[in-house]
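Asker: So the sequences go chain by chain: G and A.
Counting in the working numbering, the first sequence runs from 671 upward without gaps.
Counting in the working numbering, the second sequence runs from 671 upward without gaps.
No lab work stands behind these hints: they were computed from the structure.
None of the values given here were measured: they were computed from a predicted structure.
Just to be clear, a hint being listed does not mean it is correct.
With a Cα cut of at most 25 angstroms, we get these calculated BS3-like pairs of lysine-lysine [as the list claims (entries may be wrong)]: (1) A:K676 with G:K676; (2) A:K673 with G:K927; (3) G:K673 with A:K873; (4) A:K719 with G:K673; (5) G:K929 with A:K1013.
Number of protein chains: 2
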Amino acid sequence: MGKLAKGVALVGAGMSKFGNHFPAKRNPDLWIDAWLNAVESVDNGIEPKDIDACYVGNYSSDLFNHQGHLGPQMANLVGLTPKPAARFEGACASSGIALRQAIIAIASGVHDVIAVSGVECMTELPTAGVTDVLATASDSLFEYPAGATFPGLYATLASAHFHKYGTTAEDLMRVGIKNHENGAENPYAQMQQSIKDMMISKKKRYEEQGREVPDWSDEFDFLKSSANPIIASPLRLFDCSLITDGAACLFLTSEEKAKDFTDTPIRITGTGQGSAALSLHDRDSLTSFIATKESARQAYQMSGLKPKDIQICEVHDCFTIAEVVALEDLGFYEKGKAVEAIKNGETKRDGALPINTSGGLKSKGHPVGASGAGMAVEIFKQMRGIAERNRQVKFDVEKAMSHNLGGSGGTCVVTIYQK
Amino acid sequence: MGKLAKGVALVGAGMSKFGNHFPAKRNPDLWIDAWLNAVESVDNGIEPKDIDACYVGNYSSDLFNHQGHLGPQMANLVGLTPKPAARFEGACASSGIALRQAIIAIASGVHDVIAVSGVECMTELPTAGVTDVLATASDSLFEYPAGATFPGLYATLASAHFHKYGTTAEDLMRVGIKNHENGAENPYAQMQQSIKDMMISKKKRYEEQGREVPDWSDEFDFLKSSANPIIASPLRLFDCSLITDGAACLFLTSEEKAKDFTDTPIRITGTGQGSAALSLHDRDSLTSFIATKESARQAYQMSGLKPKDIQICEVHDCFTIAEVVALEDLGFYEKGKAVEAIKNGETKRDGALPINTSGGLKSKGHPVGASGAGMAVEIFKQMRGIAERNRQVKFDVEKAMSHNLGGSGGTCVVTIYQK
Chain G
671 MGKLAKGVAL VGAGMSKFGN HFPAKRNPDL WIDAWLNAVE SVDNGIEPKD IDACYVGNYS
731 SDLFNHQGHL GPQMANLVGL TPKPAARFEG ACASSGIALR QAIIAIASGV HDVIAVSGVE
791 CMTELPTAGV TDVLATASDS LFEYPAGATF PGLYATLASA HFHKYGTTAE DLMRVGIKNH
851 ENGAENPYAQ MQQSIKDMMI SKKKRYEEQG REVPDWSDEF DFLKSSANPI IASPLRLFDC
911 SLITDGAACL FLTSEEKAKD FTDTPIRITG TGQGSAALSL HDRDSLTSFI ATKESARQAY
971 QMSGLKPKDI QICEVHDCFT IAEVVALEDL GFYEKGKAVE AIKNGETKRD GALPINTSGG
1031 LKSKGHPVGA SGAGMAVEIF KQMRGIAERN RQVKFDVEKA MSHNLGGSGG TCVVTIYQK
Chain A
671 MGKLAKGVAL VGAGMSKFGN HFPAKRNPDL WIDAWLNAVE SVDNGIEPKD IDACYVGNYS
731 SDLFNHQGHL GPQMANLVGL TPKPAARFEG ACASSGIALR QAIIAIASGV HDVIAVSGVE
791 CMTELPTAGV TDVLATASDS LFEYPAGATF PGLYATLASA HFHKYGTTAE DLMRVGIKNH
851 ENGAENPYAQ MQQSIKDMMI SKKKRYEEQG REVPDWSDEF DFLKSSANPI IASPLRLFDC
911 SLITDGAACL FLTSEEKAKD FTDTPIRITG TGQGSAALSL HDRDSLTSFI ATKESARQAY
971 QMSGLKPKDI QICEVHDCFT IAEVVALEDL GFYEKGKAVE AIKNGETKRD GALPINTSGG
1031 LKSKGHPVGA SGAGMAVEIF KQMRGIAERN RQVKFDVEKA MSHNLGGSGG TCVVTIYQK
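Okay, chain G solo, but in the shape it has when bound (with noise of 0.2 angstroms):
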């Protein structure tokens, strides 16, 4: 594993609005949304004949969309036509794969400027038909025909997790309450409500309608009730990330280059990925992931930073428990000691980690192919000091992390930011 050849810089960053856009939009418009978007962050202007590549994380429109081959279509969207295209899976991996290749390219002198992107439309397919497809980011030979699909091999993660380091149901909750909190503030957010002010909508409608109003006295009553039914057991439904459409799009450049475009752009010092077996029966652990701690390896390695120097950190919460263990791999917290941490604040937006401040793949929406492009444009606005409403952590951030993973921890990808 060896060291970049030349530095990288993240001059640009901005998102679609993440939601239920289908059939008002598709991918095309998503990516032009989030386009548009992050052009307009970067201080200085960017073009099109700026740009060198064009690399697009998408896990499945072919199966979402009937559409492959995304990477030169995005590319003409916006004039990068006839520039490099091209599409990377990793499962929910997918973009920050892409961000990886970026990096990597920028640095082996190749290119100099490269817009990386994550588009994912969803909603054209309804739910069962999503969870199907999700489905074949496991392993379609022996646990797909097994009726195995993410909601309960997240389960099952959970079930080991909670016997073997006495984690509970409560404390999962906690972590979309916090995360609900974030994605509250966050105008780009598929929900933008915490789950107390659900709670007392609630409340207020079955009262409106004359209904017995149930005795919820705290988030927790509420999330223990029929109104949070089991999805996975120990999984409910506010356990589980969303399904959404949306897109990301960030603008990539070499050190030097990065000065054509703003004065404070951000260092990207470390890149790492990891794999795993995509079945659970054929790994040594399952409440750990190897491609996290591989991942997570390679880039403290390459910045040269330890767990302790990250000040926030946007982890992969496709299910609660997965924001639990990824806090463990990536060295935050020893194993089964972060659920202490959470239920201690340290991980809120006011605390000594904050976690997921856009309100994660819980709150803010999962895209699945975009997610990891997602994450990079909530850490460049935290980094900037920009972001929206009151989710602007209270400190400098100076040091970043995203952390996006893919599949059941097939797949890993870790990014270390620096300012």
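Position chain A relative to chain G; hints supplied.
Answerer: Showing chain A alone in chain G's frame:
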């Protein structure tokens, strides 16, 4: 467009037999066949511990096999877990893109040794299903709903070429005849028979069956008969490449590292990639591919070579017309002049510029996502002087090229190899 910051070399290459393998073999089996074949080709041997990452080109395992997330799955089968593993997609140029990204990654200093592969298992679907899946590489908002499948799109391009340059159906037939003559000499090819031999076999069979024996004096008679039905006018069956299951694997290293594996590495001195609008109606020309021209321009510039320097080339003959257009767009012949050269035998094995000595996609087969890597396998063999049977060219190949096209020219990747 910069230079590679570091030299890159090809030290091993191998492939599965191309053919109709499903259900006996699926992607995992084909990939292992290719891997083992490539391992055998490395002079000093290679082991998983020597390899830093696994890059997989694949068009649509999603639609062909209901399996996504191929990177970590393939990596795990050969002992590469937990190393980085990703899938790259650009329609039929998918493994050309994987190869290019691997070249870039080695040049960047991040990786020293990469296993690059292409895999595709198409025959899990019936032919109509395959045609449908391939059509998702066209524009699914415009071309696909109009019923334009790939034979139709390439028939349109052929008609335009006929109109503009006076190219004829017989000109195209010569491409197929030549490629089948080459494929007959390739033990890994799907169809290992010359068209003349097919004609003779067919005559014999008719004779044995007591049926009227057709009055075919040569291959052209045969190809103009109902034995070669029109698929999409002016293209007939033998103008179309094959539906194939197959995989190919390449070992790429930095130039320094190459010494560990062989005394005769093949240097990769040029890589270029271009894109175009997916839809034909969005293009300026129907007789030239802008993506090919752009990728060739980049690759020539990077390597410092000119078209006249290239001694052999594997070009993307998904349809016979595609080979004609490629020979022109790559700068080997002026526009409209390639068919004359083909007629003169220049592109045959013993001609001035042997093209598709492997048999090409037409005869070797076209497992779409594997075809780009498969081209590099042939280049490797020809440059090493180890091409099987009677297809080794009679001179020392010092400079070669591969040309991998995606869709109806939406993507192109060109690679230049030198001793």
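Asker: Is K673 (chain A) close enough to K927 (chain G), meaning Cα to Cα at most 25 angstroms?
Answerer: holds, 16 angstroms
Asker: When you check the alpha-carbon spacing of K929 (chain G) and K1013 (chain A), does it fall within 25 angstroms?
Answerer: violated, 55 angstroms
Asker: For K719 (chain A) and K673 (chain G), compute the direct alpha-carbon distance and say whether it is at most 25 angstroms.
Answerer: Status holds; Cα separation ~19 angstroms.
Asker: Just to be careful, I want the Cα atoms of K676 (chain A) and K676 (chain G) compared with a cutoff of 25 angstroms; is the pair within it?
Answerer: Satisfied, since the Cα-Cα distance of roughly 12 angstroms is no more than 25 angstroms.
Asker: Would the hint linking K673 (chain G) and K873 (chain A) be met if the CA-CA limit is 25 angstroms?
Answerer: violated, 64 angstroms
Of the numbered hints stated above, those contradicted by the structure are hints 3, 5, listed in ascending order.
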